[in-house]
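Q: Sequence:
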Amino acid sequence: RGPMVVDDVLALPRSPLVVAEGSTLPTAVVQDRSRAVWLIPTREFQRARFEERGLPRGARELYLLLGHTIEREAREADAPICVVDGKRGIDATVAAVERHFTAALAEGPVAESVAERRALLREANEAVVAQVHGYYARPSADGEPDEVVRRFLCECGNPGCDMSVEIRTGIAALTPVLAAGHG
Numbered sequence: 001r002g003p004m005v006v007d008d009v010l011a012l013p014r015s016p017l018v019v020a021e022g023s024t025l026p027t028a029v030v031q032d033r034s035r036a037v038w039l040i041p042t043r044e045f046q047r048a049r050f051e052e053r054g055l056p057r058g059a060r061e062l063y064l065l066l067g068h069t070i071e072r073e074a075r076e077a078d079a080p081i082c083v084v085d086g087k088r089g090i091d092a093t094v095a096a097v098e099r100h101f102t103a104a105l106a107e108g109p110v111a112e113s114v115a116e117r118r119a120l121l122r123e124a125n126e127a128v129v130a131q132v133h134g135y136y137a138r139p140s141a142d143g144e145p146d147e148v149v150r151r152f153l154c155e156c157g158n159p160g161c162d163m164s165v166e167i168r169t170g171i172a173a174l175t176p177v178l179a180a181g182h183g
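In our numbering, the protein residues as written are 1 to 183.
A hint or two may mislead.
Claimed, not checked - Just the calculated beta-carbon pair ranges, DEER-fashion:
1) ALA96 with VAL149: 28 to 34 Å
2) SER23 with VAL110: 24 to 30 Å
3) HIS182 with GLN31: 35 to 41 Å
4) PRO176 with GLN31: 32 to 38 Å
5) VAL114 with ALA77: 35 to 41 Å
Claimed, not checked - SDA-like mimics (lysine to any residue), calculated; alpha carbons at most 20 Å apart, straight line:
6) LYS87 with ALA48
7) LYS87 with PHE50
8) LYS87 with GLU44
9) LYS87 with ARG49
These aren't lab readings, by the way, just hints derived from the structure by calculation.
Think of the CB as a built atom: it goes at the ideal place given N, C-alpha and C, for glycine as much as any other residue.
Let the sequences and hints guide you as you build the complete structure.
A: Shown next as structure tokens:
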């Protein structure tokens with residue numbers, strides 16, 4: 001799966017900036033370390049999240065091993081790391097990542113018009129719909145993908161908008177998602 005993700009990222013246009021995430025992106029494929037950061041959860045933080053989710057023992061052990069491997073590879077490659085231990089909230093973690101990317105974000109390229117921002121937000125929401133449909137395409141999945149409720153980004157395109165909307169994926173697939181009063 002990793003090589004396919006790398007190929008997909010490399011095939012994307014250079015404008016606007018791209019954010020790629022996931023355990024399938026090893027440090028070896030990142031040429032410019034100022035353009036990457038690895039969020040590394042502590043084992044204690046991981047264990048607590050696994051308990052909250054009720055993951056079975058085998059899955060927990062697999063994820064802990066994967067996390068250890070990713071951390072080891074990132075440290076060996078001297079890659080930028082942001083440790084996630086649950087002591088600072090989501091907003092503080094996001095702020096730390098934003099600080100890391102300050103220069104890259106300033107350099108751009110970025111979406112400049114409302115139409116460009118709307119197109120990017122639409123693409124992001126369509127990716128969520130595709131993920132849900134991909135999951136329910138599995139033979140073992142039970143349920144109707146269009147009935148699944150997920151959180152989607154408001155597609156108004158206003159640069160200051162950070163609203164999201166919880167709606168069914170079937171609705172998000174058909175029409176732009178807008179927070180109340182946005183449009």
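Q: Decide, hint by hint, whether the structure agrees.
A: Cross-check of the supplied hints:
Range check, ALA96 to VAL149: about 30 Å between beta-carbon atoms, so the 28 to 34 Å window is met. Here the CB-CB span from SER23 to VAL110 is close to 27 Å, well matched to the stated 24 to 30 Å. Checking the proposed 35 to 41 Å range against HIS182 and GLN31 shows it holds: the Cβ atoms sit about 38 Å from each other. For PRO176 and GLN31, the Cβ-Cβ distance of about 35 Å falls inside the hinted range of 32 to 38 Å, so the restraint holds.
Judged by the Cβ atoms, the range 35 to 41 Å given for VAL114 and ALA77 holds: they are separated by roughly 39 Å. Pair hint LYS87 plus ALA48 holds up; C-alpha atoms about 13 Å apart against a cutoff of 20 Å. Distance hint between LYS87 and PHE50 is fulfilled; the C-alpha atoms sit about 17 Å from each other, no more than 20 Å. Among the hinted pairs, LYS87 with GLU44 is consistent with the structure: their alpha-carbon atoms are about 11 Å apart, no more than 20 Å.
Between the alpha carbons of LYS87 and ARG49 the distance comes to roughly 13 Å, so the proposed pair stays at or under 20 Å and holds.
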